[in-house]
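Residue numbers (this note's numbering), protein chains in the order written: chain A, 1 to 256; chain B, 1 to 256; chain C, 1 to 256; chain D, 1 to 256; chain E, 1 to 256; chain F, 1 to 256.
Note that these hints are calculated values from the structure, not bench results.
Please note: incorrect hints may appear among the correct ones.
[Unchecked claim] Some chain F residues near chain E, calculated using beta-carbon distances under 7 angstroms: (1) Leu31; (2) Ala34; (3) Ser52; (4) Leu76; (5) Arg83; (6) Ser84; (7) Asp85.
Everything numeric in this text was worked out from a predicted model, so none of it was measured.
We put the CB at the ideal spot given by N, CA and C, even for glycine.
There are 6 protein chains.
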Amino acid sequence: MTNTSASTIVPRADGRAPDELREVRFTRGWLDSAEGSVLVEFGATRVLCAASFTQGVPRWRKGSGQGWVTAEYAMLPRSTNTRSDRESIKGRVGGRTHEISRLIGRSLRAIIDVGALGENTIVLDCDVLQADGGTRTAAITGAYVALADAVAWGVAHGAIAARTTPVLTDSVAAVSVGIVDGQPVLDLPYVEDVAAETDMNVVVTGSGGFVEVQGTAERKPFERHELDELLDLAVTGTAKLTELQRAALAAPLAGR
Amino acid sequence: MTNTSASTIVPRADGRAPDELREVRFTRGWLDSAEGSVLVEFGATRVLCAASFTQGVPRWRKGSGQGWVTAEYAMLPRSTNTRSDRESIKGRVGGRTHEISRLIGRSLRAIIDVGALGENTIVLDCDVLQADGGTRTAAITGAYVALADAVAWGVAHGAIAARTTPVLTDSVAAVSVGIVDGQPVLDLPYVEDVAAETDMNVVVTGSGGFVEVQGTAERKPFERHELDELLDLAVTGTAKLTELQRAALAAPLAGR
Amino acid sequence: MTNTSASTIVPRADGRAPDELREVRFTRGWLDSAEGSVLVEFGATRVLCAASFTQGVPRWRKGSGQGWVTAEYAMLPRSTNTRSDRESIKGRVGGRTHEISRLIGRSLRAIIDVGALGENTIVLDCDVLQADGGTRTAAITGAYVALADAVAWGVAHGAIAARTTPVLTDSVAAVSVGIVDGQPVLDLPYVEDVAAETDMNVVVTGSGGFVEVQGTAERKPFERHELDELLDLAVTGTAKLTELQRAALAAPLAGR
Amino acid sequence: MTNTSASTIVPRADGRAPDELREVRFTRGWLDSAEGSVLVEFGATRVLCAASFTQGVPRWRKGSGQGWVTAEYAMLPRSTNTRSDRESIKGRVGGRTHEISRLIGRSLRAIIDVGALGENTIVLDCDVLQADGGTRTAAITGAYVALADAVAWGVAHGAIAARTTPVLTDSVAAVSVGIVDGQPVLDLPYVEDVAAETDMNVVVTGSGGFVEVQGTAERKPFERHELDELLDLAVTGTAKLTELQRAALAAPLAGR
Amino acid sequence: MTNTSASTIVPRADGRAPDELREVRFTRGWLDSAEGSVLVEFGATRVLCAASFTQGVPRWRKGSGQGWVTAEYAMLPRSTNTRSDRESIKGRVGGRTHEISRLIGRSLRAIIDVGALGENTIVLDCDVLQADGGTRTAAITGAYVALADAVAWGVAHGAIAARTTPVLTDSVAAVSVGIVDGQPVLDLPYVEDVAAETDMNVVVTGSGGFVEVQGTAERKPFERHELDELLDLAVTGTAKLTELQRAALAAPLAGR
Amino acid sequence: MTNTSASTIVPRADGRAPDELREVRFTRGWLDSAEGSVLVEFGATRVLCAASFTQGVPRWRKGSGQGWVTAEYAMLPRSTNTRSDRESIKGRVGGRTHEISRLIGRSLRAIIDVGALGENTIVLDCDVLQADGGTRTAAITGAYVALADAVAWGVAHGAIAARTTPVLTDSVAAVSVGIVDGQPVLDLPYVEDVAAETDMNVVVTGSGGFVEVQGTAERKPFERHELDELLDLAVTGTAKLTELQRAALAAPLAGR
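Turn these sequences into a full structure, and let the hints guide you.
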């Protein structure tokens, strides 16, 4: 825990300590035909991450010898408390959806060696089946596991040429942190998210480097020391997620 | 079984008899906040059906005293063997999606008394998580169960006024039938679907009335006796589905 | 006529017998430059069917040696009793339009040998100038005639290679049937269509095979014997339409 | 005829004199239910003009006591020599379509007293069934006739209050003129249109006032004296069209 | 001035004589990287014209040996008195925008020899930063200057092959004229524009040929003599603009 | 300056010190009719910020007594080195545009008391006329100045009720920072932006509180100490920008 004395800790609604993650589960191979797939759960938040491996790259990348990894995020209409209209029916993808899709893609590209991947494309579809806060960070954390399975599939099927350098240079995980009732907390569910004064999403590699830091003052500007405490919490949380990702990937994948 | 002698029956790829359904499962309450939700599975086909109950009706129906039930169907991009582009990104809903959404809505409206529902709206979202043939018929069959739970929710919460007439006048289920290698078969998975000469989707009420019959010659026109055999199979299959729906709804729903 | 005793027959608004078609007219060559065109009329319903023949096929079919036939259906804004907004201005094609365009295309592809057509494309545009019920079935029936003229044009101009097998393997026609006031009737005009308990569109080849059967319960589910009676009527009606198509095509086409 | 001596006149492809219109026909009441409708033909150019009369006005005009007249122009995909894609499928209305729709609307509003019309709306749909040059001017000329019938309908049905001032303050007609092979000509068919050095569309009221003058140099800039000659031709042509409109409207309309 | 006696001249709101232009300014090289750019001002109307030169032509023009010049016009949302919604957010370009973009493109193509340009494309973006009437005519007038600089850039950088014939065969300028309070006036600001009975935009080459004449009766049809007076004014105004363009282009362009 | 010893400082391409801003200019009142407008320049980056004040709020906020502030960001097609297609023509707003518009809106809402604003709406349009890096941070910094002028306009014109609490609770400014060639630098122009290993945009209030921190690893993950150095630089830069904003706003605004 960070530098808040134990005596001042306000209990969280779900009984967790300020620096405690929700229960996190990875169900690999949730889809029969995807080259990588995982149902990731952070408490009641459930995101289905599917990695689709295809040979070849977009036109603008042809002949470069380099691969491409991209991501698309979306929410089912009733993943939330009240139903939202479908973006397909509205005929346009909303700003938030775009923003999160781009964030997931950048996060994954930070830990993949596109040269070692060769001219192959991996698309990560992250569809939120149920939303209870932290969907974008759960998506990144789950997408890494699906990506790892898809890369393994590519190697096993000879689509990725054998090389001395690994395709994945590191792992990546993400977590939300925020200040609720004046107290910095880790991994916010929806009830804390709407009450947070400051909300931050942090993406960290398995070896501890920062990939993205996105902090937003929701109610009032935040101070430098608060930012520091939130970063400490995020580092603690992503280190734990890295362990859980490793454990999940250590198990054999049924049917492979 | 219909009038095909046992000696001529070609074994199906998955070992089923021609008039045998795949394993069908209903998981009610799959979503925490939807007024009705069910994950329906027909073998490897998985559709998440969420019923969203809201008070009030669309503008064109206001003051009529009648409710409204509608449906939206969609497939996740990697529910299929190879990834499809998202309709939200293409900016338009495809013809097949529209057609199936309309079919589901009509099927449900055939067994609901919109007067008894009162000025309430129920939207059924049927999202295909994994597709292995028969997604539209699984969606209708599952959507009925989610609708029943949403109606029960409306009654329990006083949103639907108590009346002497029931809101649901019957149940409804649907199944696909087709002619594969010259033999009529029930509930086609993807491998049979692509090989079928004729493909038919039939929607039948719990009391055995036809709601929709949609038959299409995929390779060569079909004869009247083939049509009759397919209808026989469909009646058999939907009667079995009706039983399974009743059994699923007979169990208490956790958290209600 | 089907098995309804004459004594119970309710007279139809326009004086027709239950199994009688409206007056059907085909005006071939209605457009000067289209390779095939016909103004088809079923009573007051008027659909302009234009067949556009172009050499070459869509990219996904190149090199297959096979041709492609597709269709687009649309209604003029004031073809109906009250004006509808244009789909071009709404910026999207509605579900019903999509559904009917797909139905017409499938119906025509059922009777064309795409191998004999060679790598040529024929697009059928079916534009409803005036709608009085049965526009989709009139469109299919007229589109076949325009298609036949376009194929003849292709042969006459050497765009279709001479072969021993014919390009058109059969003819195709379609008709609507329905139950109005408890009585099965053929070829419903608008006033019957809105009053029908059950509405069915049936597409049948010249040799009597079924291509599509689409029956919908509009008010209450229908029974198996009603379905049988409707199919009988549809077979009667399409046989008559097949004769009329043959007669129309037997006449020489001005300017050819 | 204008000041070109007879000896220098180059014969036109269709044998007309430079100041001669093509055969012009108005078929009123072409649609059964529209409040006004006319199939207008200028030679092979055929435009279906439908006037839809509705009580009430758009929101921004409510309470003004004034009516509204607007127009929409479109071409069927195979109205032209080679098929064009549908704007509904492209999902957007093209610039040319927009431009012509706006021109027709302005032309009609120039001769209607919106105060005398009262809070009623008339929408003119001008759909080109076959295009052989001059579709926009044929549309304006035909739309006036349909508008006159719709206004008469409104008066006859009491939707337009009886007043001492007429709703239509004048008539309006339009014609194309251009310079082909150095010679100013009236009412250009497609073959002349593509060869024209200068192309001009002129909209003139029955009493001879100019409503719109739109001249475009297609190949090389034009001189003031050419502009003058073209305007002379246009005045001659629209005067003739005005006579034809009057004759058409003088006949009783069947079914009224 | 035209044939209106001095005694009847109504003073204009800004004190100008009827045949007097507003102050016109051209600021060349307003953008650092565009191959041609000019901020053109007609009084308070300010349009930024940027010419983008790229080697190569659209697919349909490849191999023709000819270049392509096109234009896009748009208004910033708060260029006008009250804010307008962005067309990018509405998801479609409006009719007026389309119409003006096409007008600018046609005007420029009237004075460029696409053969001498070679297979190069020049796109003119005309963005209205502040609108006070006459934005389309200012855009054309400014776009010519930007085009001239882009052509000079192409020649200087060897992208346009040296030839004996010039790429620009003439210059082009445009001005608005109109009848306000019964008096023909030149170069209307917004207050005059909204009050005008007739509004005309005229595009004229440097050598005095007409490229476009677009006159619209805003309130009542106009007479032939009024049209003649407006054309006289437009010729006077464009001749003056031609002089100003020449003077602007005579100065050396900084950084070239 | 931060803790980098002078001896290791690599000179920047434009000669600035690592913690030095480009020349920043605010031209207030750039538009005649906008309630607030400023042309803000950070070196060659030029953004036109227009604040449009309207009475009333969007429907979902009516009756709340609170106002609304929102922003839209866009780039002119030739603001960049090579031309980009218009989003209006593509028919959809891109992800980056959405993301930046949302960021500007959130930044401004952090320093406005919507209760004191009352039921009024202020829309900030930030259009990039020329882009040389840091367009989003220049937009936020300029938008604050335009917002301040629009609020003053609202007070002066009585649209904002006089209150004891100020409408603007603070000022807000933003700057980009990044690591280039291993060295943290402030206010990156385009050439540094494309070369940066890490890129961060920081939004800070006039009193020094953080509103947004958005850091992205462009090439390799960044370390905690690098993040700290970048935040130090951003605090230095925004403090300077705050001074410049105050100075700009201290001058009287012509025409007010």
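So, going through the hints one by one against the coordinates:
no.	hint	in the structure
1	Leu31	holds (6 angstroms)
2	Ala34	holds (5 angstroms)
3	Ser52	holds (4 angstroms)
4	Leu76	holds (5 angstroms)
5	Arg83	holds (4 angstroms)
6	Ser84	violated (10 angstroms)
7	Asp85	violated (9 angstroms)
The structure is inconsistent with the numbered hints 6 and 7, although it conforms to all the rest.
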